[in-house]
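All chains, please: the whole structure from these sequences, using the hints.
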Amino acid sequence: MGFSIRKLQVGLLAGAGVLILVIAGYLGYSRLQARQFLHDLPGKLGIDIKQETNGYTYSQSSQGKTIYTIHAAKAVQHTNGKWTLHDVGIVLYGRKQDRADHIYGSQFEYDQPAGQIVATGEVQIDLAAPSSTGHGKNAAPVVSNGEPGSANDHVIHIRTSGLSYEEKTHRAVTDQQVEFTSGGLSGHAHGADYDSESGLIVLRTDVLLSGIMQDKPFAINAAHAVMNQKDRVILMDVAHFAAVSDGHGNETMSANHAIVHTDEDNNPERIEAEGNVTLAASARGTLVAEHADALVKNGRAQQAHLFGKLRYTDDESNRQTTGEAQDARIAFDALGRVSHIVVTGDVTGEEIVPDGIRDLHAAKLELAMAAQGKDNTVLQDAVATGGARVHSLATANKSGARTKINVSDLSGDVLTAHFNTAGGESVLSTLHGAGNTVIHQVDEHGVDQTSSGEVLDASFAPKPTAKGAKPPTGGPQVEMQRASQHGDVHVNRTVPAKSGAASTTQRATVQHATAADAVYDTATDHVVLSGSAQMTDPTGALWAAKIDLDQDTGDAVAEGAVLTSYLQPVRTGAPPAEPVHILADRAVMHHDAGTAVFYGNAARMWQGGAQVEAPVLEFDQDKRTLFAHGAGDAAAVHAVLVPAAPAKDAAKKPAKPGAPAAANGQRGPVRIASREMLYADEARRIDLKGGVRVDDAGGTLHARDAVVYLVPAAAPTAKGSPAAPAIPSGGIDHMTATGDIRIEQPGRVATGEQLVYTAADQTSVLTGTKSAPPKVVDDTQGTITGQSMRFRSGDNSILVTGGDTPGRVHTETKVKQ
1 MGFSIRKLQV
11 GLLAGAGVLI
21 LVIAGYLGYS
31 RLQARQFLHD
41 LPGKLGIDIK
51 QETNGYTYSQ
61 SSQGKTIYTI
71 HAAKAVQHTN
81 GKWTLHDVGI
91 VLYGRKQDRA
101 DHIYGSQFEY
111 DQPAGQIVAT
121 GEVQIDLAAP
131 SSTGHGKNAA
141 PVVSNGEPGS
151 ANDHVIHIRT
161 SGLSYEEKTH
171 RAVTDQQVEF
181 TSGGLSGHAH
191 GADYDSESGL
201 IVLRTDVLLS
211 GIMQDKPFAI
221 NAAHAVMNQK
231 DRVILMDVAH
241 FAAVSDGHGN
251 ETMSANHAIV
261 HTDEDNNPER
271 IEAEGNVTLA
281 ASARGTLVAE
291 HADALVKNGR
301 AQQAHLFGKL
311 RYTDDESNRQ
321 TTGEAQDARI
331 AFDALGRVSH
341 IVVTGDVTGE
351 EIVPDGIRDL
361 HAAKLELAMA
371 AQGKDNTVLQ
381 DAVATGGARV
391 HSLATANKSG
401 ARTKINVSDL
411 SGDVLTAHFN
421 TAGGESVLST
431 LHGAGNTVIH
441 QVDEHGVDQT
451 SSGEVLDASF
461 APKPTAKGAK
471 PPTGGPQVEM
481 QRASQHGDVH
491 VNRTVPAKSG
501 AASTTQRATV
511 QHATAADAVY
521 DTATDHVVLS
531 GSAQMTDPTG
541 ALWAAKIDLD
551 QDTGDAVAEG
561 AVLTSYLQPV
571 RTGAPPAEPV
581 HILADRAVMH
591 HDAGTAVFYG
601 NAARMWQGGA
611 QVEAPVLEFD
621 QDKRTLFAHG
631 AGDAAAVHAV
641 LVPAAPAKDA
651 AKKPAKPGAP
661 AAANGQRGPV
671 RIASREMLYA
681 DEARRIDLKG
691 GVRVDDAGGT
701 LHARDAVVYL
711 VPAAAPTAKG
721 SPAAPAIPSG
731 GIDHMTATGD
741 IRIEQPGRVA
751 TGEQLVYTAA
761 DQTSVLTGTK
771 SAPPKVVDDT
781 QGTITGQSMR
791 FRSGDNSILV
801 TGGDTPGRVH
811 TETKVKQ
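According to UniProt numbering, the residues represented by the sequence shown are 1 to 817, in order.
Just so you know, the hints here were simulated from the structure itself, not pulled from any lab data.
Ideal Cβ placement from N, Cα and C applies to all residues, glycine included.
Warning: the hint list may mix true and false statements.
[Stated by the list, open to error] With a cut-off of at most 25 Å between alpha-carbon atoms, the simulated DSS-like pairs for lysine-lysine come out as follows:
| id | residue 1 | residue 2 |
| --- | --- | --- |
| 1 | Lys309 | Lys230 |
| 2 | Lys297 | Lys216 |
| 3 | Lys82 | Lys168 |
| 4 | Lys96 | Lys74 |
| 5 | Lys309 | Lys374 |
| 6 | Lys230 | Lys297 |
| 7 | Lys297 | Lys374 |
| 8 | Lys168 | Lys230 |
| 9 | Lys216 | Lys374 |
| 10 | Lys168 | Lys65 |
[As the list claims (entries may be wrong)] Computed Cβ-Cβ distance ranges for the label pairs, DEER-style:
| id | residue 1 | residue 2 | range |
| --- | --- | --- | --- |
| 11 | Pro496 | Gly386 | 43 to 49 Å |
| 12 | Tyr709 | Gly531 | 23 to 29 Å |
| 13 | His490 | Arg311 | 35 to 41 Å |
If you want it as structure tokens, here you go:
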């Protein structure tokens, strides 16, 4: 995610509190000093004076130290008991003689009967600020250039008019403008009240303070401000703080109401704000909350709590970021930098950039920050809990081509992310998920894949930038390099149909997989399933100890106790056929080509009673062919053919004596062995090469090669049915065997060069060569040779054909002695 919680500079709260405290402290002190002087003024001047006095000066001392000195150019006592002082100058000395405060006014009126003192015209006050006016006991004063100054620089200048004090109410008030300056600080307010009984100081309206703080200009505005000296609390209405931050433009904070709690030295220790609390920075975005509460020590924030409809926005030219939550708790380090953040309550965040959208959802988000430089921090670790989900939608449009969209989602009960730093920005490095983890991806080709597991681990790296291209906005963008899931992994994958695809293997398919572990590698676009791995799709299922799937092509390699089950094509009008099963040590499957190769000491496939066994089984699902073979000249291929069951109506009819047991004349299963076997399902043809042996109930056939045609399928394959590996099944229709023919039947052995067998009448025609004519050695009829021989399985008849050449038939009969 692109947005960083470092942007929540809650430290602004502390700064605002300090500066408001300066205002209240200065004015409160000045009102207190002025009130005390004005209260004592008549007595000091001597109320029994009944005349006008020019050039009046009076000093009050105690224990050898001057407390204050008053100078008036003119003092007039009126008959109504009022006094008027003109051009008054007052100097108030500190108890330790370390401070001198000055008050100047053109005219003061004292109404003794009413107990009221009024300063008419302008009043100016110069106060030596106490050391606890917000800078700390040992802090140096602040001056206009931002550099520490001397004690002489630390003077508060106040100017106002219309100031009055009532002894009965103990209130000093003015409804005029109050202006104040001190070093680099200046400000004003319209109207002020001071109650010496309650200790309340009120700045009525239009409160403003500006100046330099930590070498940065700032300004504070408030519609209204109140300071309770007894409770050490400052209250502000419609408060607004603005400052310039190094490298980050302007920073502001505002709230409908703010409360600053101070310690005994008037340093802020807690700041509360409520009502549209807003933190904003021109280069960091804006955070809004209903409430904020911060703890401060030595002018630095320690903790902060923001709660109530938190909303974050950051709108840049090439990036828009938003976020929402209900509660945020922030901890700071000793230097006032954000160190730890906990955000709770329907946490959401979204970032929109030119190349996509990224968003986050969680019930709780916990962030650990790392210091970078003197004032800045960057995100180091993040933990999202409670239905945590990270969503990404990336778009790409090259050379005006159609926009390509990639979607990815990562979710889990707990997601833990670690970040590295690049270019001053946090960059996602690793992600760990625990509990109900899910990875969902949709690539630019429309392949939709979802995987789930108990544990998730993923690693990320910055996206490579094309040569000459501008760096991405918002810092380096990352992409997932590798991800692994463990514990009851389930994968669902939907591959859309390819446009113009005619092959059944290229139609839309839905694949499912399960395993103990799954590993994804984005560089190769492979996923490896291990631990009782299983994959299923409309064509069947695959089990293995390990399955390596190419997500781009759909190709797969399976290893270890490989077992596959393929659904057979649906044939029109026929009942569903049994699946084809294959057992092997290893399998290599090519999805688009529709081919599969199975390896093993004895890879075996079967369907019902039909079987084929060989070291290598090669399938072409589109051509519906099977090529079985082994190494060397050994007859490593073994097959079993089982005739189809007769039709129900035919089975009800009684068989005629001597009739074949099956409709095609085949009696029971046929077992075949050879060095190679090639089966073409459409032609129902089997080509056998090398060391052919055929066994059935009637005997055994040996040959060098053979071509076998099976009985045609009872019904055609339905259009659109899934392709499956072709397995030779059903009875033999006819067969031609060549080379070194040897037939072994009960009571006789026949040899020749070629045999043609027809299953319908169970007739075999055996021929040979001129030099080696066919021969039958029969226990009953002896040895018979001829040009050709025709005989049937199940009886002893032999029809010998000699042709036109005399002497072609030869019979030898053995007579028992």
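The hints, checked one at a time:
1. Lys309 with Lys230: Distance of about 34 Å is beyond 25 Å: violated.
2. Lys297 with Lys216: Given that 25 Å is the threshold and the Cα spacing comes to 20 Å, the pair holds.
3. Lys82 with Lys168: 17 Å, holds
4. Lys96 with Lys74: 31 Å, violated
5. Lys309 with Lys374: With a Cα-Cα distance of about 31 Å, the restraint between Lys309 and Lys374 is violated, given a limit of 25 Å.
6. Lys230 with Lys297: The given pair, whose Cα atoms are some 20 Å apart, holds under the 25 Å limit.
7. Lys297 with Lys374: Judged against 25 Å, a Cα distance of about 18 Å means the pair holds.
8. Lys168 with Lys230: Measuring from Cα to Cα gives roughly 20 Å; hence the hint holds.
9. Lys216 with Lys374: Roughly 15 Å separates the two Cα atoms, so the pair holds.
10. Lys168 with Lys65: Since the Cα atoms of Lys168 and Lys65 sit roughly 31 Å apart, the hinted pair is violated (cutoff 25 Å).
11. Pro496 with Gly386: 43 to 49 Å: Cβ of Pro496 to Cβ of Gly386: about 34 Å, so the range 43 to 49 Å is violated.
12. Tyr709 with Gly531: 23 to 29 Å: 45 Å, violated
13. His490 with Arg311: 35 to 41 Å: 37 Å, holds
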